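Can you make the complete structure from the sequences, with help from the hints?
Protein chains in written order, with the UniProt record's numbering: chain P, 1 to 195; chain W, 1 to 195.
These are calculated hints, taken from the structure and not from any lab test. Be a bit skeptical, because a hint or two may be false.
The list treats identical chains as one, so a pair stands whether inside a single copy or across any two.
Stated by the list, open to error - Dumping the calculated PhoX-like pairs for lysine-lysine here, alpha-carbon to alpha-carbon at most 20 Å:
id: 1; residue 1: LYS128; residue 2: LYS153
id: 2; residue 1: LYS128; residue 2: LYS180
id: 3; residue 1: LYS153; residue 2: LYS180
id: 4; residue 1: LYS191; residue 2: LYS128
id: 5; residue 1: LYS191; residue 2: LYS55
id: 6; residue 1: LYS55; residue 2: LYS180
The model shown is predicted, which means the values in this text are computed figures rather than measured ones.
Protein chains: 2
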Amino acid sequence: MARTSGSHSEITGPRLREAAQRLFARHGYAAVTMRQIAAEVGVQAGALYNYIPDKQGLLADLMRSHLEELLAAWAEEPRGAGPVAALEAFTRFHIRFHLERPDAVFIAYMELRNLAPPHFAEIEALRKSYETRLEDILREGRAAGLFDLPDTKLATLAVIAMLTGVTTWYREDGRLSRDKVAGLYWDMVRKTVGA
Amino acid sequence: MARTSGSHSEITGPRLREAAQRLFARHGYAAVTMRQIAAEVGVQAGALYNYIPDKQGLLADLMRSHLEELLAAWAEEPRGAGPVAALEAFTRFHIRFHLERPDAVFIAYMELRNLAPPHFAEIEALRKSYETRLEDILREGRAAGLFDLPDTKLATLAVIAMLTGVTTWYREDGRLSRDKVAGLYWDMVRKTVGA
Chain P
1 MARTSGSHSE ITGPRLREAA QRLFARHGYA AVTMRQIAAE VGVQAGALYN YIPDKQGLLA
61 DLMRSHLEEL LAAWAEEPRG AGPVAALEAF TRFHIRFHLE RPDAVFIAYM ELRNLAPPHF
121 AEIEALRKSY ETRLEDILRE GRAAGLFDLP DTKLATLAVI AMLTGVTTWY REDGRLSRDK
181 VAGLYWDMVR KTVGA
Chain W
1 MARTSGSHSE ITGPRLREAA QRLFARHGYA AVTMRQIAAE VGVQAGALYN YIPDKQGLLA
61 DLMRSHLEEL LAAWAEEPRG AGPVAALEAF TRFHIRFHLE RPDAVFIAYM ELRNLAPPHF
121 AEIEALRKSY ETRLEDILRE GRAAGLFDLP DTKLATLAVI AMLTGVTTWY REDGRLSRDK
181 VAGLYWDMVR KTVGA
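Spelled out as structure tokens, the structure:
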């Protein structure tokens, strides 16, 4: 019995989170009701809170999961030796990871304003932690005389904005494959940092 | 009488548009009601449609005005001679123009999904028209052998994403002035295009 109930909850919780992510990405956090999320998965609205927190907690959960997954995936990513290889790995990783998760990326960028202050501070800290991974690579490359960077912090923000921008226009049926796009962006990132 | 009524309408319409822009930027299009917009300006909800179209038309109006103003301002911008000077002018112009209009920029990027198809097509065409201004500069510079660009279209998208990214983190009380930021971005843009 406990096993069955546990399994049910283990399946329903993630399905509700997936439904919420899809609905938030399509219509916006403010326009989606908890009732709609429940209906999408076939759960009674009254039973919803057995599986997931309130709408605000759900939004924070989605953003937290996305960023924790991003940090964990980057920690596992092979990156060769030295700052130039690390920067190429970061460029290709960032594009690939974000193109694979359009809904999560859209929510992470679009719905920040809808996070209440304590959640906002937590999510911002995770986002900055990821930025710091790139900043560390740039600082190391600059210290080694491999990169020409008048301002490491600004270069960090510029490179991340450039790479994340791919998610706003990339289409699977477009003229360029993901790998080709990543290669062309690596050429631009390399030049941007003067490597 | 006609004069007074005209003036009243000429003032109320823009004030309603400003209020809508502020409310859409703060809470999101989906979360704002026409009643809230009316209340913000002290207009009776029933009289609202004398001054402005429905909520969808209002959103399209705001985006259209923003993009038309952007295109007109760039057309007026001094840009020196040749593609390198034009690219520097574009970089500084884009950052300045967008930092001066945080609410309009936020709406232009965040609320595209809330435009109905005919409006979406119109706004997309204006946005692409602006991108083409930059693409033309890059193409000209490439043809003249001044820029090293494996893919002009991708470089256009990369540069615009990089520059627009400034609006997501820039703070007036931060460590860098707008001019200083524009100068540092120009250094990066120049390198990105291999100039």
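Homo-oligomer pair classification [LYS128, LYS191; C-alpha up to 20 Å]: Neither way: LYS191 and LYS128 sit 24 Å apart in one copy and 25 Å across, limit 20 Å.
First find the shortest C-alpha distance between LYS128 and LYS180 inside one copy, then the shortest across copies, and answer within, between, both or neither for a cut-off of 20 Å. Cα proximity of LYS128 and LYS180: none, with 28 Å in one copy and 23 Å across.
I want to check one pair: LYS153 and LYS180. Are their C-alpha atoms no more than 20 Å apart within a copy, between two copies, both, or neither? Only across copies: LYS153 and LYS180 sit 13 Å apart there, 28 Å inside one copy, limit 20 Å.
Using 20 Å as the alpha carbon limit, work out where LYS128 and LYS153 are close: within a copy, between copies, both or neither. within (11 Å within a copy, 30 Å between copies)
Up to 20 Å between alpha-carbons, please classify LYS191 paired with LYS55: within, between, both or neither. neither (43 Å within a copy, 44 Å between copies)
At 20 Å max between alpha carbons, let me know whether LYS55 reaches LYS180 within a copy, between copies, both or neither. neither (39 Å within a copy, 41 Å between copies)
Of the hints listed earlier, those the structure fails to meet are numbers 2, 4, 5 and 6, in rising order.
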